[in-house]
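Enquirer: Listed in order, the protein sequences are those of chains E and V.
The opening residue of the first sequence carries number 1 in this note's numbering; numbering runs sequentially from there.
The opening residue of the second sequence carries number 1001 in this note's numbering; numbering runs sequentially from there.
Take these hints with a grain of salt, some might be off.
[Claimed, not checked] To give an idea of the chain E side of the interface with chain V (calculated C-beta under 7 Å), a few residues:
(1) P141
(2) S147
(3) G152
(4) Q157
(5) P165
(6) Q166
I should point out that these hints are in silico values taken from the structure, not numbers from a laboratory.
In this text, a Cβ means the ideal position worked out from N, Cα and C, and glycines have one as well.
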Amino acid sequence: MPRWLAHTIVAAVFAGAIAAAFWRAGYAWNWSAVWDYRQKFLQGWLVTVALSIAALAASIAVGAAAAALLRSGRPLLEATGRTYVELIRGTPLLVQLLIGFYVVASAVGIENRYVVGVAVLALFSGAYMAEIFRGGLDAIPRAQLDSARAIGLTPWQSLRLVVLPQAVRIALPAVAGQLVSLVKDSSLLSVIAISEFTLAAQEVNAFTYSTLESYLPLAIGYLALTLPLSGLARWLERRLRYDAG
Amino acid sequence: MNLVVAGLVQRFPVAAAAGRHAGLATVLDHLDLVTGEVGTLVLVGPSGGGKSTLLRILAGLDVPTSGRVAFDGVPLPRDEASLRAYRRTVGTVFQAYNLFPHLSALDNLLLPLIHVHGLTRAAALTRVRGPLDRFHLADHAHKRPAELSGGQKQRIAILRALVVQPRRLFLDEPTSALDPEMRGEVLEMIGELRGEGTQFVLVTHEMAFARQVADAVAFVADGRVIAQGAAAAFFDHPPEPRVRAFLERSLAP
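Produce the entire structure from the sequences given, and follow the hints as far as they go.
Expert: What follows is the structure in structure tokens.
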């Protein structure tokens, strides 16, 4: 069976099952009330897109920097990286957002809540990225580094020509998963009153009392972001495919 | 080449483990070796005796704790920048995983030519075409390492070291990771290059082959050179009981 057909069939079955569940629940739909707020949804969604893109880029930079700390071989730097990673991964994003906004940002005088939101998200996701990158780098055999030195590459050339192309390929699936999580985690920014997609849905729900009609578009809006991201990752994976050997 | 090694010591820090304290392991213990003018030097000896450690120092990959090494009267430097410059004048091939798996065999050959030796891609391609044809590897040039046999991988690795026109090649057990039927093709290639005047320093467990290609042999054990000599004399009249016992075990069918 061709792949597209399999996807179509499975999608149809899922959609049918969900539709059946809704039908049996006997829910009284009221789409017109929500439709009036379509502009608000669109604005919230665009804010989420912008926040996600900014946080994606920043979290990759933060993760790379933290992975460099973890692999530096210097006790003080390693301890710094390790403390950062464990503190972030061991605490809820909600708490980090509240502390970041009400304590840290006020203390250093940053008032733009969007900047704070992106920064906290990037730091949060960066901790996971750091471990993913570290794993990717650790997976490269020592003999590869020896070979790179043996042919006379500089450390920078060795990183660029030998290590990173292999580490990226190894880390890619995990990075893609982390990026998808990041997009959805951005919904928590609503707690510091950033008017992103989730806050828009919450507000529409408060105005219209049409809960499902407010939140279903939310699910679809996030899928519209995460599915292309997963697709892009799979495409890159195929393009970069090679077997270790 | 004319190699002089004097008082070479290499110590490595070792982590604490069951029944062992953290500390320093002495792998080379005041090793001395003077070869005179030779084309191919073969290092033999028991595993863990220090021959690979010695080879890594000779190839400019590791810096010894103390001691001196000089090729043709030129001492090896100790700082990384000068060592890198030195490494660019020689070639080194390890037991396995020499090739970069994300690049085709051809791109593996081109990489040092382009990025280390400054050739254009066109010039680099011209440089590798002849050697690829000669060793019947041209049909495999577009393949990734995972699609090559072990013997093909090692031959490409040797070619990669060779096409930069090095002064000599260092080979660290180049056939040890190969199936017996693939050893022959790699050994044959080394033998052929040696016949044309390429200089080798070779660590190997293939005693029959060592006997065939070596000009000089050094037997390295316990971090020292226990015995050395011209190849014919070394193999026909082993100078030490310990060497004799080792050779008898190694050459036994």
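Enquirer: Against this structure, judge whether each hint is valid.
Expert: These are the hints, each one checked on the structure:
Nearest Cβ of chain V to the Cβ of P141 (chain E): about 5 Å, under the 7 Å cut. The hint holds. For S147 (chain E), the interface hint holds, since its Cβ comes within 7 Å of a Cβ in chain V; the closest pair sits about 5 Å apart. Because the smallest distance between the Cβ of G152 (chain E) and any Cβ of chain V comes to about 4 Å, under 7 Å, the interface hint for this residue holds. Proximity of Q157 (chain E) to chain V holds as hinted, the smallest CB-CB distance being about 6 Å (cut-off 7 Å).
The interface hint given for P165 (chain E) holds, since its Cβ lies 5 Å from the closest Cβ of chain V, which is under the 7 Å cut-off. Given the 7 Å rule on beta carbons, the hint for Q166 (chain E) holds: about 5 Å separates it from the nearest Cβ of chain V.
No hint from the list above goes unmet by this structure.
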